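Which chain is which? The protein sequence lines are A and B, in order. The working numbering applies: residue 45 is where the first sequence begins, and numbers increase by one. The working numbering applies: residue 3 is where the second sequence begins, and numbers increase by one.
I should point out that these hints are in silico values taken from the structure, not numbers from a laboratory. A quick note: this is a predicted structure, and the numbers were derived from the prediction, not measured. Don't take each hint at face value.
Quick look at which bits of chain B chain A covers, simulated, 3 or more residues with Cβ under 8 angstroms [stated by the list, open to error]: (1) 18 to 29; (2) 153 to 161.
Sample of chain A residues lacking proximity to chain B, with all beta carbon distances greater than 10 angstroms (derived) [stated by the list, open to error]: (3) D55; (4) R108; (5) R115; (6) G116; (7) R117; (8) A118; (9) E165; (10) D201.
Yeah, the Cβ is synthetic: ideal placement off N, Cα and C, and Gly gets one too.
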Amino acid sequence: VSLPPFQRLVDAHWRDVARFAHALAGPVDGDDVAQQAWTQALAAYPRLRSSANLRGWLLTITARCATDAHRGRARRPAPVGDVSGVVAAGHDPSDPAAGAALDAAASPDDPLWTAVRDLPERQRTAVALRYVADLDHAAVARALDTTPAATRRLVSDALGTLRTRLADVPDPTDLPETSKETVR
Amino acid sequence: MIDTEPETELETAIAAAGRRFSPQVSPPVLAGADISYVVEDVAVGRLLLAARRDGTLLTSAYVPDDAEADALLDRLARRVSPGVLRGGNALDTARRQLDEYLAGRRRSFELATDTVLATPFQQTVLDRLARDVGYGTTTSYGALATAIGRPSASRAVGAALGANPLCIVLPCHRVVASSGALTGYAGGVEAKRHLLNLERAAA
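Full structure from sequences and hints, please.
Structure below.
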């Protein structure tokens with residue numbers, strides 16, 4: 045295999061990795077997740093066996109780091125009722141106003157992405173790898189250590205949940221343009 | 003199963019929502035690369051310096067443009083390790099010694115070097131050059147060819163010097179035509195003249 049100098053991956057993909065880390069881990073953990081992903085990628089890179097889809101490889105590592113951050117947070121003793129909700133929104137549930145402000149800064153009030161963040165962890169990761177990182181089912185399956193068939197189930201369960209959640213939104217005319225379309 | 007089904011509006015919207023994140027961050031700061039490099043403008047031109055993690059210098063090569071720099075980084079990735087990153091402090095010593103040399107305050111380099119990018123013949127030529135041709139002196143291609151026991155190989159010696167991955171540190175600028183004329187140099191004849199004048203003045 046002939047791998048390009050690692051610096052070229054950093055230059056080409058650092059924005060993508062940062063965006064993906066923030067999308068999955070939220071504004072509080074996003075920077076740490078991205079930094080961790082790069083450190084792990086640099087260490088593993090010289091032993092990589094294929095130079096095909098290096099962006100997909102980086103985003104897969106980023107997704108794993110986001111999962112680790114999520115679990116680390118869940119293990120920490122904290123005043124936490126609903127763990128998935130805390131990480132999904134990336135804020136202290138006792139202060140909903142501050143959290144809403146942070147979320148708005150990261151992604152302008154987007155009910156669709158909030159619903160994605162509220163998905164169970166593996167569904168959320170599968171959805172992000174499939175649609176945001178744009179990996180095919182086989183690559184998502186490798187990232188999640190599972191089969192393509194199981195990946196399809198994860199994704200289709202997630203889409204079902206999202207359709208239901210978004211249909212529950214009381215007044216669809218309040219939604220931004222893109223989300224309105226999806227509610228149809 | 004293959005991915006042939008068209009995306010639904012929901013799927014398209016998820017992709018769009020995920021891409022709208024624009025965190026205000028800068029590129030990652032990373033340490034521990036197998037190879038660190040910097041591209042630096044010095045008095046005689048633009049140099050790409052690269053070193054292993056322990057500071058062993060691998061290149062000090064003229065790269066007039068980005069394409070040449072990229073090509074050299076590709077060679078390092080292929081021949082040594084793809085773990086190549088810009089910056090880092092593995093190059094601090096080499097940069098300081100080069101600055102001192104170019105200011106006329108240093109006559110020899112105390113650096114660990116590795117000519118891994120050179121062929122065995124090139125290494126033979128460069129080893130001999132570094133041993134025999136001291137600061138402020140010059141030799142000819144023919145004399146160097148004779149010194150390595152290949153008196154008829156002066157053209158091959160010239161080519162080997164032209165491929166020197168460690169310019170300035172391994173002093174290929176001290177080799178001139180037997181007439182004394184300044185012939186080709188990776189950094190250009192002007193750079194060669196600058197270095198020889200510098201050494202003559204300081205010697």
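Consistency of the hints with the structure:
no.	hint	in the structure
1	18 to 29	holds (count 10)
2	153 to 161	violated (count 0)
3	D55	violated, 8 angstroms
4	R108	holds, 16 angstroms
5	R115	holds, 21 angstroms
6	G116	holds, 20 angstroms
7	R117	holds, 19 angstroms
8	A118	holds, 23 angstroms
9	E165	holds, 16 angstroms
10	D201	holds, 13 angstroms
Of the numbered hints given earlier, the model fails hints 2 and 3; all others are met.
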